[in-house]
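Enquirer: Quick note, the sequences are listed as chains Z and E, same order. FYI, the numbering for the first sequence is 1 to 100, going by my numbering. FYI, the numbering for the second sequence is 1 to 391, going by my numbering.
Just so you know, these hints were derived from the structure itself, not from any lab. Remember, it's a predicted structure, so these values are computed and weren't measured experimentally. Even for Gly, the Cβ is constructed at its ideal location relative to N, Cα and C. Errors might be hidden in some of the hints.
[To be verified] A short, non-exhaustive set of chain Z residues, derived as facing chain E with CB atoms under 10 Å:
1. Lys5
2. Trp7
3. Tyr8
4. Ala13
5. Leu15
6. Ile16
7. Val17
8. Thr21
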Amino acid sequence: MAELKKWYELPIAGLIVEPGTARKYRTGDWRVKRPIYDRSKCIDCMFCWFYCPDQAIIQENGVMKGIDYFYCKGCGVCANVCPKSAIEMRPETEFVGKED
Amino acid sequence: MAKKNLMAITGAEAAAYAMKQIEPDVVAAYPITPQTPIVEYFAKYVADGEVRTEMIPVESEHSAMSAVVGAAAAGARAMTATSAQGLALMSEIVYIASSLRLPIVMGLVNRALSAPINIHCDHSDAMMVRDSGWIQLFCEDAQEVYDLTILAVRLAEHEDVRLPVMVNQDGFIISHGVEPVEVLPDDVVKKFVGELKPIYPLLDTDHPVTYGALDLYDYYFEHKRQQIEAMKHAYKVFPQIAEEFYKISGRKYDYVEPYRMEDAEYVMVALGSSNGTIKDVVDELRGEGKKVGLLKIRMFRPFPKAEIQRYLTARKAVVVLDRAASFGAEAPLYEAVKSALYEVAVRPLMGSFVYGLGGRDLKPEHVEYAFKRAMALDLVADKEEYLGLRE
Chain Z
1 MAELKKWYEL
11 PIAGLIVEPG
21 TARKYRTGDW
31 RVKRPIYDRS
41 KCIDCMFCWF
51 YCPDQAIIQE
61 NGVMKGIDYF
71 YCKGCGVCAN
81 VCPKSAIEMR
91 PETEFVGKED
Chain E
1 MAKKNLMAIT
11 GAEAAAYAMK
21 QIEPDVVAAY
31 PITPQTPIVE
41 YFAKYVADGE
51 VRTEMIPVES
61 EHSAMSAVVG
71 AAAAGARAMT
81 ATSAQGLALM
91 SEIVYIASSL
101 RLPIVMGLVN
111 RALSAPINIH
121 CDHSDAMMVR
131 DSGWIQLFCE
141 DAQEVYDLTI
151 LAVRLAEHED
161 VRLPVMVNQD
171 GFIISHGVEP
181 VEVLPDDVVK
191 KFVGELKPIY
201 PLLDTDHPVT
211 YGALDLYDYY
221 FEHKRQQIEA
231 MKHAYKVFPQ
241 IAEEFYKISG
251 RKYDYVEPYR
261 MEDAEYVMVA
271 LGSSNGTIKD
281 VVDELRGEGK
291 KVGLLKIRMF
301 RPFPKAEIQR
311 YLTARKAVVV
321 LDRAASFGAE
331 APLYEAVKSA
341 LYEVAVRPLM
351 GSFVYGLGGR
361 DLKPEHVEYA
371 FKRAMALDLV
381 ADKEEYLGLR
391 E
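Bound conformation, chain Z alone (with noise of 0.2 Å):
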């Protein structure tokens, strides 16, 4: 997390004075539970694109590509529609301390 700042460094009333700035917030700090995808299943249907709520899944032209772990908030959506049961969602302190 970014150094947070003191009251006099900041704009006043809470505004937010640039643009795009919700790129900055990782919101992936809010997972419980983790989607972990497998190639060896996945037939590139691109559901779990259309359906993730946080443009989390990673594609390329059509083919995907893993998960974007900095904004996935693991609401599990993406594992829910998945005709290949290629996703899995999997408690986030099996992960602790490993790099996303």
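Assemble chain E onto chain Z, guided by the hints.
Expert: Only chain E this time, still in chain Z's reference frame:
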């Protein structure tokens, strides 16, 4: 010094006339007794083409304050006015206006809050929002309403302040009473208020900003601390703006107004129009050789603690009159004055009198009674008493 121009007008018209000369970009208001004539007069100025203000006749006070918040965030100079239930309905947005640091000026024509329903004066409406982060000024008469409405624009918009200001006038007593009011020429007022310098205006699309974003435990506290600081700045810059106003009007305004205080041993403290009545009683008692005085509080938020300490230390007795009750605690003005006097070297004896709820008259004999109690040193700091109540 501007040439004198006297008008015989009510407090409501004084507020509307000041608004006409300020000519804000936006006025959004909903009529409510006793604020109604402010909206009526101003709507007439708009209809007659005397101002270019965009007037929004909204469907409620919640919408009135929402509209001026939107206008002010967009970078406009925005004003409104209300009373009692209207303020209660807009109170959600009242808190948002100050928290978004929008320099809105609002006339509050003080009226008792329901229930039971009552349209007459007391200060329960203003006290309901005393901790909402608005600067609160209280007027004694129509002249002060006119002057402080103009002054409030500069105070609200000062770059170190950026807080909304509420200009209080007593419902009916001031708002509907005709008095001589000395008004300034339009160009003098225009020059005094100048152009609003918007800070982070939404309409500056080259520099997009977000108003009202989610602000959780990691930053909300810091933003509240900024508001606390802004109030300190309001306290600091008020004398400079008042001095500038003095130069154009010849009328001096301080946080408080001492009346016959030089050698006063028994002092009354009050807000609003009752100060006029108290001054008469002070004169009368002075005529009898009694050492009485008055400290009128003009600025209630930020609370001018240092002035109150300076004026009230070492007096024999201080009587505080409140036109609002705080159910289950001491009356708001009394509580604040008493708290300020905790720190002085020699604390006076203190007494609290609540009066005038729902428009009950404060008569000279009530004031005289309270002074007599003070002069007899017959006051108990912990006891709230009532003037004009049947008991």
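Enquirer: Next, verify each hint and record whether it holds.
Expert: So, going through the hints one by one against the coordinates:
1. Lys5: holds, 7 Å
2. Trp7: holds, 4 Å
3. Tyr8: For Tyr8(Z), the interface hint holds, since the closest Cβ of chain E sits about 8 Å away, which is under 10 Å.
4. Ala13: Holds: closest Cβ of chain E sits about 4 Å from Ala13(Z), inside 10 Å.
5. Leu15: holds, 5 Å
6. Ile16: holds, 4 Å
7. Val17: At about 5 Å, which falls below the 10 Å cut-off, the nearest Cβ of chain E leaves the hint on Val17(Z) intact, so it holds.
8. Thr21: With a minimum Cβ separation of about 8 Å from chain E (threshold 10 Å), the hint on Thr21(Z) holds.
The structure is consistent with each of the numbered hints, conforming to all of them.
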